[in-house]
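Listed below, chain by chain, are the residues.
Protein chains: 2
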Amino acid sequence: MKITVLRLGHRYGRDERITTHCGLVARAFWADEFILSGDKDTGVLESLKKVVERWGGLFEVNYEKNWKKVLRDFNGIKVHLTMYGLQINKKINEIKKHKKDFLVVIGGEKVPAEVYSLVDYNIAVGNQPHSEVAALSVFLDRFFEGEELSRKFEDAKIRIVPKKNGKETV
Amino acid sequence: MKITVLRLGHRYGRDERITTHCGLVARAFWADEFILSGDKDTGVLESLKKVVERWGGLFEVNYEKNWKKVLRDFNGIKVHLTMYGLQINKKINEIKKHKKDFLVVIGGEKVPAEVYSLVDYNIAVGNQPHSEVAALSVFLDRFFEGEELSRKFEDAKIRIVPKKNGKETV
Numbered sequence: 001m002k003i004t005v006l007r008l009g010h011r012y013g014r015d016e017r018i019t020t021h022c023g024l025v026a027r028a029f030w031a032d033e034f035i036l037s038g039d040k041d042t043g044v045l046e047s048l049k050k051v052v053e054r055w056g057g058l059f060e061v062n063y064e065k066n067w068k069k070v071l072r073d074f075n076g077i078k079v080h081l082t083m084y085g086l087q088i089n090k091k092i093n094e095i096k097k098h099k100k101d102f103l104v105v106i107g108g109e110k111v112p113a114e115v116y117s118l119v120d121y122n123i124a125v126g127n128q129p130h131s132e133v134a135a136l137s138v139f140l141d142r143f144f145e146g147e148e149l150s151r152k153f154e155d156a157k158i159r160i161v162p163k164k165n166g167k168e169t170v
Numbered sequence: 171m172k173i174t175v176l177r178l179g180h181r182y183g184r185d186e187r188i189t190t191h192c193g194l195v196a197r198a199f200w201a202d203e204f205i206l207s208g209d210k211d212t213g214v215l216e217s218l219k220k221v222v223e224r225w226g227g228l229f230e231v232n233y234e235k236n237w238k239k240v241l242r243d244f245n246g247i248k249v250h251l252t253m254y255g256l257q258i259n260k261k262i263n264e265i266k267k268h269k270k271d272f273l274v275v276i277g278g279e280k281v282p283a284e285v286y287s288l289v290d291y292n293i294a295v296g297n298q299p300h301s302e303v304a305a306l307s308v309f310l311d312r313f314f315e316g317e318e319l320s321r322k323f324e325d326a327k328i329r330i331v332p333k334k335n336g337k338e339t340v
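Chains A and B are the protein sequences, given in the same order. Numbered as in this note's numbering, the first sequence ends at 170 without a single skipped number. Numbered as in this note's numbering, the second sequence ends at 340 without a single skipped number.
Because the hints were derived from the structure by calculation, they are not lab data. Heads up, some of the hints might be wrong.
Claimed, not checked - Calculated Cβ distances over 10 Å to all of chain B for the following chain A residues:
#, residue
1, 12
2, 124
3, 166
As the list claims (entries may be wrong) - Some chain A residues near chain B, calculated using beta-carbon distances under 7 Å:
#, residue
4, 18
5, 25
6, 76
7, 108
8, 112
9, 116
10, 128
11, 131
12, 138
13, 156
14, 160
15, 162
16, 165
These numbers were taken from a predicted model, which means no experiment stands behind them. Here a beta-carbon is modelled for each residue, glycine too, at the ideal position from N, C-alpha and C.
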């Protein structure tokens, strides 16, 4: 099973840090690929690739201008995270039952109406305004039931030794 | 029980959106108060207050320059979220057992070393680089076991009707 995260509508400058956090969350919470759409921000793409190089794992980082093609061509279950969707508390068990690849779609402030009908699920991580970074992390944490946080990353140049107090890396 | 989120080291311009997302997550995931420290960014404080006014709830938004005082004076359990800490998977049950108020501390890129020793717990939501927005949301989601997402917000002027497809608000 492969999990791909598609970030829609990225804008230069304004979204740089939020999109980078989305990409880092995708990697840290066990997704396999991050696809950026919207502005082709090489700064964001490069900084994500550098994290993979340093911290390990087989995470892929890609850009695709044509997000409709990604959505249409995807063979598997498509989940759009939106505050307008059905509650994750009620739908997560059903979603987890699919033994297929997953495409998790996260938008910014203006998501084209078409997205809602091109996916299999519109899911709300709470029906309150907050953050696509939070929605993605909680969705993946629920999906993997917390196991994603104990995972080892292959070929890491740096690794943290969990500590009660202070910082230690090897 | 009251939950306060303390955001350390906010910087004008650079952190505006990430800090706003942290504040929105604090509110949406059932914290009672958000304290901003670092630069006194009235834009961030006002935009959070506007969300409370529109979307309801009793969430407080405050600024405090002296974060050490907040940490020292706090009467309850202090949890610092950091990628260098002990794993949430191993510590969350112990943390939940305390019947006290909680202060959840989130930093930016440079957290003063002192913070680590001024708190009761240094907790990692995964020992990988990602996002304070994600760390805060997953911590609160685990703490409240998902119940925070079904909560009703008092005096809301706007409310979303969860839908399978499309957007509906009342």
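Results for each hint:
{"no.": "1", "hint": "12", "verdict": "holds (14 Å)"}
{"no.": "2", "hint": "124", "verdict": "violated (6 Å)"}
{"no.": "3", "hint": "166", "verdict": "violated (6 Å)"}
{"no.": "4", "hint": "18", "verdict": "holds (6 Å)"}
{"no.": "5", "hint": "25", "verdict": "holds (5 Å)"}
{"no.": "6", "hint": "76", "verdict": "violated (19 Å)"}
{"no.": "7", "hint": "108", "verdict": "violated (11 Å)"}
{"no.": "8", "hint": "112", "verdict": "violated (12 Å)"}
{"no.": "9", "hint": "116", "verdict": "holds (5 Å)"}
{"no.": "10", "hint": "128", "verdict": "holds (4 Å)"}
{"no.": "11", "hint": "131", "verdict": "holds (4 Å)"}
{"no.": "12", "hint": "138", "verdict": "holds (5 Å)"}
{"no.": "13", "hint": "156", "verdict": "violated (9 Å)"}
{"no.": "14", "hint": "160", "verdict": "holds (4 Å)"}
{"no.": "15", "hint": "162", "verdict": "holds (5 Å)"}
{"no.": "16", "hint": "165", "verdict": "holds (5 Å)"}
Against the hints set out earlier in the document, violations occur for numbers 2, 3, 6, 7, 8, 13.
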